[in-house]
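Participant: So you can see what is in the structure, the chains are spelled out below.
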Amino acid sequence: MNIPYTVEERPDTGLTNGKLGIWLFLASEVMLFGALFSTYIILRTGAPEWPHGELNILLGAINTVILITSSVTMVMAWASLKLKDWAKHRLYLIATFVLAGVFLVNKYFEYKDHFDKGEGPWHSTFTAIYFTLTGLHGLHILGGMIVMLYLIGPGARLWKKNPDQFANRIEATGLYWHFVDLVWIFLFPVLYLL
Amino acid sequence: MDKTGIHPGGEGVQAVAHGHDPHHEELGFWRKYVFSVDHKVIGIQYAFTGLLFLLFGFTLMMIMRWQLAYPGRPIPLIGLWLGQARAPMGIMLPEFYNQLGAMHGTIMVFMGVVPLAVGGFGNFVMPLQIGAPDMAFPKLNMMSYWVYFVGGVTMLASFFMRGGAAQSGWTSYPPLAVISDGQTMWLIGMIFLITSSLLGSINFIVTIVQLRAKGLSYMRLPFFVWAQFVTSFLLLLAFPPLEAAGVLQLMDRVAGTSFFMPSGLVVSGKVLTISGNGNPLLWQHLFWFLAHPEVYVLILPAMGIVAEIIANNTRKPLWGYKALVYSVTFLGFMSFIVWAHHMFMTGMGTTMSAFFQTTTMIISIPSVVILTALLLSLWGASIRFTTPMLFALAFLPMFGIGGLTGLPLGLAPSDIHLHDTYYVIGHFHYVVAPGTIFALFAGIYYWFPKATGRKMNELLGAIHFWGSFICINIVFMPMFIQGLAGMNRRMYDGGAQYAHNAGLPLKLNLVIGMAAWTLGLFQIPFIINFFTSIFWGKTVDRNPWEATTLEWSTPSPPGHGNFLTEPIVYRAPYEYSVPGAAKDFSPQFEPEKA
Chain A
1 MNIPYTVEER PDTGLTNGKL GIWLFLASEV MLFGALFSTY IILRTGAPEW
51 PHGELNILLG AINTVILITS SVTMVMAWAS LKLKDWAKHR LYLIATFVLA
101 GVFLVNKYFE YKDHFDKGEG PWHSTFTAIY FTLTGLHGLH ILGGMIVMLY
151 LIGPGARLWK KNPDQFANRI EATGLYWHFV DLVWIFLFPV LYLL
Chain B
1 MDKTGIHPGG EGVQAVAHGH DPHHEELGFW RKYVFSVDHK VIGIQYAFTG
51 LLFLLFGFTL MMIMRWQLAY PGRPIPLIGL WLGQARAPMG IMLPEFYNQL
101 GAMHGTIMVF MGVVPLAVGG FGNFVMPLQI GAPDMAFPKL NMMSYWVYFV
151 GGVTMLASFF MRGGAAQSGW TSYPPLAVIS DGQTMWLIGM IFLITSSLLG
201 SINFIVTIVQ LRAKGLSYMR LPFFVWAQFV TSFLLLLAFP PLEAAGVLQL
251 MDRVAGTSFF MPSGLVVSGK VLTISGNGNP LLWQHLFWFL AHPEVYVLIL
301 PAMGIVAEII ANNTRKPLWG YKALVYSVTF LGFMSFIVWA HHMFMTGMGT
351 TMSAFFQTTT MIISIPSVVI LTALLLSLWG ASIRFTTPML FALAFLPMFG
401 IGGLTGLPLG LAPSDIHLHD TYYVIGHFHY VVAPGTIFAL FAGIYYWFPK
451 ATGRKMNELL GAIHFWGSFI CINIVFMPMF IQGLAGMNRR MYDGGAQYAH
501 NAGLPLKLNL VIGMAAWTLG LFQIPFIINF FTSIFWGKTV DRNPWEATTL
551 EWSTPSPPGH GNFLTEPIVY RAPYEYSVPG AAKDFSPQFE PEKA
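Protein chains in written order, with my numbering: chain A, 1 to 194; chain B, 1 to 594.
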């Protein structure tokens, strides 16, 4: 038995199952982070004072650049697949994976700094929301890295068997990756700058 | 696998000719029944697990009812098994009563009704009704079930942890929830259950949008599919905020944060050493942002089931199919902006109250439209009083009572008197117990022949129905009286210590208890019927109810891949008693005779 529209688009909706699925998943993710950002707003407006300059803006800015760059390489990985340039695709996908890893390493140093000062999530409302938001975002980065690792490793064999389906998978991963990037673009000013 | 291919009328030949999916013929036991990717098997797994949880959740309530009917007397039969930490000498401790209450709500809502209504019926029936070979993502479907299973096991395991299960109600309001035992396991369990629902809802929406059969436009979808469609959107968009809230409360418990903990909190005479500045109301907003749409997640699939059964047993088209569809869609949108009517008593201000009581009154309109359309469908029909129809008919007045008694709760002034009394319990149980659960029973009796190829016994079904119908009304009707008298819903002794409960309100606890235990006895005919019918029920062919929707065009039970030939839809879903037609039903899958 074959499920229809896994690879080709359904004519009247113009979508593959996977593409609709990933968009719906992102809609639920918007609601998840939306609830957390609302929490941030309510806690901040209700707080007697709000700390400033707690975070390392330089590291945060570097991480922002890294994530935006990784979004670009992700698009290039998908575009080179469409141009049937397998070698370039590999290069860009691995680059995206490495950039994501560098992001997490930077995040580790930021976290370590806080814990060394004894300022974990329990320290204040600010550290609580900071660790929860960036922690959950970090888990999303990690999830994306696991998927990429699969597509670089055993998942890459699909390219030989069904190139269109493989390209769809890269596209879906890319959509997710841009979303994770977008969340960070909100997180950076909200937590580091404002 | 496909014994059903051999069928009178030449379909067997068709099945052989089509090969009917030769690749999957040789699945072993584990892949076929346990880790199956077939939506029908997963649907049955969901339904069966959901039924077990319903029975378990009901048992918890029967134990609580003993304590309310006979406060301080040892629980018979099982009292001595419960142990020193729960019921020394068989007498229930208040903490254990609280655990039973919290877990009854959690189990019934998240592990009983939703898995049965959405996971069970949605999974089994919806792909068949839209003519799909399976769900859009079969492996994801299997994963949804197993994530739900892990969540369920986590919840059950919490009873055996030190300190017992969660005891802060199914709503888990902080600061109480953050400082009381058992809550961590509850939160972890909830995160699994929520994840399962999210994966499931994505799968449902994609399946309905992408895998509809040729000719099956949106306005030709059976109403059950529409109900599942809207339900899936509610799950998809309303559950993530609760997941966020769950993560925040978990942080409060595990990482020592104070998202929901105000400053200067004193517990057992000691000031808590926390950073403070949290907002307990924030939890209530996040919780009810899910939990109000969740009410519609509980009721919409039930309405879908009832609509199918009423159309089939009245042998008439549903009255106002389009009105039903528009109402259910509007209901879905509105359900996102009524949540704070659960919070009139929190002091959130009159402007907010005015807004939310207005939206609450507005949302009652589509509910009334749906109920009225179903009621008008009965007009002038020669009704077949089959067991599923008995349950479906009972749904209408029961949901009516539940809905109408909700109006005084939706208005802030009357809610101030009724809030947190037994009136509230009576109200929402009329919606979900004799409402939703009766509809689910109706669905089980109705689709049982499709799932097993055999019919359930009508006599045992009638005993189950009449017994349950009478008992359940004696359970919930007196609660309105208790509530209006001001009896608080969370009293471990039933409210005996308060003067205003003396006399009738307190005596009713005994009546309710008796009716609840008798209701338990009347589920025995159902259990016997369910298991004996699997093996010895009357065998049926593909369309025993003479119904019109697509699931009745395949063999009973359908093989893997569902349809022997690609289904094509020629007409609207409920073409019963078409003037001039040869028989009183014109199925969607039968071409127009030119």
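The set of hints was computed from the structure by calculation and includes no laboratory data. Nothing here was measured: the structure is a model prediction, and the numbers come from that model. Some clues are possibly wrong.
Unchecked claim - Quick look at which bits of chain A chain B covers, simulated, 3 or more residues with Cβ under 8 Å:
| # | region |
| --- | --- |
| 1 | 43-51 |
| 2 | 158-169 |
Said to hold, decoys possible - Within a straight-line C-alpha distance of at most 30 Å, the following computed DSS-like cross-link-like pairs (lysine-lysine) qualify:
| # | chain 1 | residue 1 | chain 2 | residue 2 |
| --- | --- | --- | --- | --- |
| 3 | A | Lys19 | B | Lys139 |
| 4 | B | Lys455 | A | Lys19 |
| 5 | A | Lys160 | B | Lys316 |
| 6 | A | Lys160 | A | Lys84 |
The beta-carbon is built from N, C-alpha and C at its ideal position, and this holds for glycine as well.
Participant: Report the numbers of all earlier hints that the structure fails to satisfy, in ascending order.
Facilitator: Violated: hints 2, 4 and 5.
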